[in-house]
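> Given next are the chains, with one letter for each unit.
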Amino acid sequence: MPSRTARLSSGTGIFILASVPYLSARNGGTPLKSFNSPAWLNLLYVPTVVLLLTFIVYPLANGVKISFTDWDGFSQTWDWIGFGNYRRMFHDQDTLIVIYNTFIYGVGSTFFQNVIGLAYALFLNYKMRTAGIAKTIIYLPVIISPLIMGYVWYFFFQYNGGAINDIILLFKSSPIDLLGNSKVNVWMITFVNTYQFLGIAMVIYLAGLQVIPKDYYEAAAIDGASSFSKFKNVTLPLLAPSMTISIVLNLIGGFKLYDVVVSLTNGGPGYASSSLSTYMYRQYFTRQDAGYASSLGILMFAIISLISLTALYYLRRREQDI
Amino acid sequence: MMKSKKWLELPALLICLLHILPFYVLLTSSFKRESDLSSKWRIPTYWFWDNFKEAWNRADLHRAFINDLVITGCAIALLIVLGTVSSYPLSRYRTRWNQFMYSFFIASLIVPPLSTLVPLYKFYVDLGALNTYWGMILLHVTFYLPITIFLYTGFIGSIPRELDEAALIDGSSRIGVIFRLIVPLLKPVTATVIIVNGVNIWNDYQFSIFFLQKTNSRTFSVALSAFFGQYTSNVGWVAAGSVIAALPLAVLYLFLQRFFIQGLTSGAVKG
Numbered sequence: 000m001p002s003r004t005a006r007l008s009s010g011t012g013i014f015i016l017a018s019v020p021y022l023s024a025r026n027g028g029t030p031l032k033s034f035n036s037p038a039w040l041n042l043l044y045v046p047t048v049v050l051l052l053t054f055i056v057y058p059l060a061n062g063v064k065i066s067f068t069d070w071d072g073f074s075q076t077w078d079w080i081g082f083g084n085y086r087r088m089f090h091d092q093d094t095l096i097v098i099y100n101t102f103i104y105g106v107g108s109t110f111f112q113n114v115i116g117l118a119y120a121l122f123l124n125y126k127m128r129t130a131g132i133a134k135t136i137i138y139l140p141v142i143i144s145p146l147i148m149g150y151v152w153y154f155f156f157q158y159n160g161g162a163i164n165d166i167i168l169l170f171k172s173s174p175i176d177l178l179g180n181s182k183v184n185v186w187m188i189t190f191v192n193t194y195q196f197l198g199i200a201m202v203i204y205l206a207g208l209q210v211i212p213k214d215y216y217e218a219a220a221i222d223g224a225s226s227f228s229k230f231k232n233v234t235l236p237l238l239a240p241s242m243t244i245s246i247v248l249n250l251i252g253g254f255k256l257y258d259v260v261v262s263l264t265n266g267g268p269g270y271a272s273s274s275l276s277t278y279m280y281r282q283y284f285t286r287q288d289a290g291y292a293s294s295l296g297i298l299m300f301a302i303i304s305l306i307s308l309t310a311l312y313y314l315r316r317r318e319q320d321i
Numbered sequence: 000m001m002k003s004k005k006w007l008e009l010p011a012l013l014i015c016l017l018h019i020l021p022f023y024v025l026l027t028s029s030f031k032r033e034s035d036l037s038s039k040w041r042i043p044t045y046w047f048w049d050n051f052k053e054a055w056n057r058a059d060l061h062r063a064f065i066n067d068l069v070i071t072g073c074a075i076a077l078l079i080v081l082g083t084v085s086s087y088p089l090s091r092y093r094t095r096w097n098q099f100m101y102s103f104f105i106a107s108l109i110v111p112p113l114s115t116l117v118p119l120y121k122f123y124v125d126l127g128a129l130n131t132y133w134g135m136i137l138l139h140v141t142f143y144l145p146i147t148i149f150l151y152t153g154f155i156g157s158i159p160r161e162l163d164e165a166a167l168i169d170g171s172s173r174i175g176v177i178f179r180l181i182v183p184l185l186k187p188v189t190a191t192v193i194i195v196n197g198v199n200i201w202n203d204y205q206f207s208i209f210f211l212q213k214t215n216s217r218t219f220s221v222a223l224s225a226f227f228g229q230y231t232s233n234v235g236w237v238a239a240g241s242v243i244a245a246l247p248l249a250v251l252y253l254f255l256q257r258f259f260i261q262g263l264t265s266g267a268v269k270g
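Those protein sequence lines, which keep their order, are chains A and B. With numbering that gives the first Met the number 0 applied, the first sequence covers 0 to 321. With numbering that gives the first Met the number 0 applied, the second sequence covers 0 to 270.
Hints should not be assumed to be uniformly reliable.
Unchecked claim - PhoX-like mimics (lysine-lysine), calculated; alpha carbons at most 20 Å apart, straight line:
hint: 1; chain 1: B; residue 1: Lys121; chain 2: A; residue 2: Lys64
hint: 2; chain 1: B; residue 1: Lys5; chain 2: A; residue 2: Lys126
hint: 3; chain 1: A; residue 1: Lys229; chain 2: A; residue 2: Lys213
hint: 4; chain 1: B; residue 1: Lys121; chain 2: B; residue 2: Lys213
Derived from the structure by calculation, the hints contain no laboratory data.
Please model the complete structure; the sequences and the hints are all you need to start from.
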């Protein structure tokens, strides 16, 4: 809903601002003093600032510091090793696989969630009795812990007695190893993440569809547009803002994937299905390589902020072009 | 907007079935004896409630339930209070300084919680905050404050300023304006704040697994993951445990569905 001020151009805004002292002067003297910003009111957000500085900014700064050391996580002594940890990332085969996996989780889930979410939104936007129930069911996994969702799907993917292999055994003589095979399990994890959170994309697109004016479709129909052309030239461009939100959101969620990986494969076999989050955990707690773990954390922070900001910038510009 | 098309009900029904399958398999597994090796697709011919009893006792879910309730409850209460109080000056007095502070709050949304795990863990060891309620609560409050402030600031901005001014003229104090005028108007956005943060904090695993490692401080997710690691082969117990953990939110969701979808989406849209 555009507010009244939003519809005015910035020129009008300046005009209104400039006229404020005028108006109040006409009403008899100086503006009421009590309406000005009393500086003490800003004290109200001091607790928030303290919390953010203590638990986000300070650890982040400390994390950058630790990432330049070879600290083991508990000793009192450590050495500066400069960019050693960062250089190591690009030579270590395991780390490269993990970074690759993280991109599959991030970009892959985002792609599928948006394609399927959009398809569901378009479909369930038709009037039908089942639509309400369908939305409820598709959205249900969103509120369930990703860890538990992972366990549920584990019952499907299991090698012995898994629900999927029960079906495969009807046609083939041996079951398929869905979680132990490093080429497949990464995609299984992506699938579970997609299944769980595509409800969010769907709801965002459904909300976006509600605000497209009907006249656009009627006008397109009069011009003899096919339904595909209506979709391509009316629906899709007008959904651009919804798309921005949904894509950025899913990217952030996918790149920091943790719970599902833990419950399905625990990052294994070896590090074959690890995400940056689970890999970092192992470097820190299992291998006591706190310096390296910290540099991985900083890498994750850099990737997520870079990608979400780039996506935001690019998609916003596309919105304006349309 | 579109005409009703009867034949579309069929694919819609299929989609429903496809999406409910995981829950179906979860339920059938949770009622089966360990010795029952029939396919997970098959509904058991008996109800075996022992799985639920075993999961509840062995994973100490009773304790986990209380821990989760205390942590989520306190964190949400603090988020509401700190969120409201911080958002008022930010949305009412848009000085350049306050706009900068607002950007700072929102920018902290980008920091993925796990990226600071190493320094945070060390910090918590030094503070003695591991395995404590307050340590966990403060962590949740900090990481969910930015989104809370975002929601509240936006909402307060939509309340006409004239209301504040009228109350001030009537002799109300500034604090009185916040608590007697603004706070009662915030009910809808507070519902959103409770749902968004409640779901995330209740389900949290990535923080809890590091900071609540002692058996008696575990929340649902942590207790379940430990239980799962111990009894991977006993599918019935694990399934029953998962059902118990998922049930509270699932029931709330089915009854308050509209609020959940609206709330989570607006939280998501803004996050």
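> Which of the listed hints are broken here?
none
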